[in-house]
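A.B. asks: Listed below, chain by chain, are the residues.
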Amino acid sequence: MSEQSSILKPVISIAAFIGFLILFYFLIGKDKTELPSQFINQPAPKFQVVDLLKEKLIHTEEDFIGKITLLNVWASWCPSCYAEHPFWRQYAKNKDIVLVGLNYRDTKKKALKFINQQGNSYQWILFDKNGRLGIEFGVYGAPETFIIDPQGIIRYRHVGVVTPEVYKTIFLPLIDKIKGGF
Amino acid sequence: MISKIVQQIIISSLLLFSIQVIGAIDSYEFKDPEIAKRFHTLTYELRCPKCQNQNLADSNSTLSMDLKQIVYEKLLAGESDEQILQFMKQRYGEFILFRPEMTKSNAFLWTGPIIFLTIFLILFFNWYRKNRMMNDE
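Here the protein sequences line up with chains C and W, keeping their order.
For what it's worth, this note's numbering labels the leading residue of the first sequence as 6, then goes sequentially.
For what it's worth, this note's numbering labels the leading residue of the second sequence as 46, then goes sequentially.
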């Protein structure tokens, strides 16, 4: 009995130690600064927001229905958005996916300057002057990009710059999945 | 005499500026002190989503300012604390609450200490009983 327990004891301690290491890996290994979106697999929030370029045009969440939409949150005060925009400029040639901009907490003058300098890659742009639409989507910075399926359901939210690498490894597989009926 | 007047002007202008600064920090006006108290509590209990370890009251990020403004508007519109917390939670998740509720994903964090304490106490009493038995023998 005592012999058996003398073998068991170190085995149990080592197992407990490894258990703790695994636990800590899962607790600490995650990027704590990235918040998970509350809207994954949920319909896009309801809204009524004016277009940045066409003042009289009002957009609602129903505009997302029918096609896969990438909703890109950007602002003229956001340095990463300038770095990200060349990718969207290239991407705009992709016709089966609608690229929509959400101009977050910006002034019209600066937003238009951004579009004039960087080129307009978006099919339409939501003008969220006071940031309230951003809050509806749970946005906490720019850039952020949402993938919305043809039923208007949000399937993914990416925080930070969408690089060709990110697009290839994260976006493309998800878009293929949505095309296949999710 | 003139220097005294100059001194008084400097002091009074300094006082004037300091009042302006105080005014700039807290621009929310409340007629009802009860609502002011609720605003204070809510902005202390809600976390700034952008800045990790600051509450809305202490944070000067634009997002915190916007969220504070929403809390203010909702209080004046007569919404309950529960409704306001729910609004924030729907958009930013549990993270926004400084005192998170118990859910499936954090159940271990809530119950972990009790489980570990129970295991420890059982082991300790076992060890203690064994030791005493050995001593008695």
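If you're looking for bench data, these hints aren't it; they were derived computationally from the structure.
Where a beta carbon is used, it is the ideal one built from N, C-alpha and C, also for glycine.
Among these hints, one or two may not hold up.
[Said to hold, decoys possible] If you want the footprint, here are the derived chain W segments under chain C, 3+ residues with CB under 8 Å:
1) 50–56
2) 105–119
[Unchecked claim] Pairwise CB distance ranges, derived in the manner of DEER restraints:
3) C:Lys113 x W:Ile160: 25 to 35 Å
4) W:Asp77 x C:Pro41: 29 to 39 Å
5) C:Lys115 x W:Ser106: 46 to 56 Å
6) C:Leu13 x W:Phe153: 50 to 60 Å
7) C:Asn99 x W:Phe165: 51 to 61 Å
8) W:Ile160 x C:Gly71: 27 to 37 Å
9) C:Gly124 x W:Asp77: 46 to 56 Å
10) C:Pro50 x W:Pro145: 56 to 66 Å
11) W:Met147 x C:Val166: 29 to 39 Å
12) C:Glu67 x W:Glu127: 22 to 32 Å
13) W:Phe153 x C:Pro178: 22 to 32 Å
14) C:Tyr87 x W:Ile160: 42 to 52 Å
15) W:Phe165 x C:Thr65: 53 to 63 Å
A.B. asks: Does each hint hold? Answer for all of them.
C.D. replies: Hint check results:
1. 50–56: Our answer is that it is violated, as 0 residues pass the Cβ test (under 8 Å) against chain C, missing three.
2. 105–119: holds (count 5)
3. C:Lys113 x W:Ile160: 25 to 35 Å: 57 Å, violated
4. W:Asp77 x C:Pro41: 29 to 39 Å: Given about 37 Å between the Cβ atoms, the range holds.
5. C:Lys115 x W:Ser106: 46 to 56 Å: 19 Å, violated
6. C:Leu13 x W:Phe153: 50 to 60 Å: 26 Å, violated
7. C:Asn99 x W:Phe165: 51 to 61 Å: Holds: the Cβ-Cβ distance is about 59 Å, inside 51 to 61 Å.
8. W:Ile160 x C:Gly71: 27 to 37 Å: 51 Å, violated
9. C:Gly124 x W:Asp77: 46 to 56 Å: At roughly 51 Å between Cβ atoms, W:Asp77 and C:Gly124 fall inside 46 to 56 Å, so the hint holds.
10. C:Pro50 x W:Pro145: 56 to 66 Å: 23 Å, violated
11. W:Met147 x C:Val166: 29 to 39 Å: Because 36 Å falls inside the window, the suggested range holds.
12. C:Glu67 x W:Glu127: 22 to 32 Å: 30 Å, holds
13. W:Phe153 x C:Pro178: 22 to 32 Å: 31 Å, holds
14. C:Tyr87 x W:Ile160: 42 to 52 Å: For W:Ile160 against C:Tyr87, whose Cβ atoms are near 51 Å apart, the range 42 to 52 Å holds.
15. W:Phe165 x C:Thr65: 53 to 63 Å: 58 Å Cβ-Cβ, so the 53 to 63 Å window holds.
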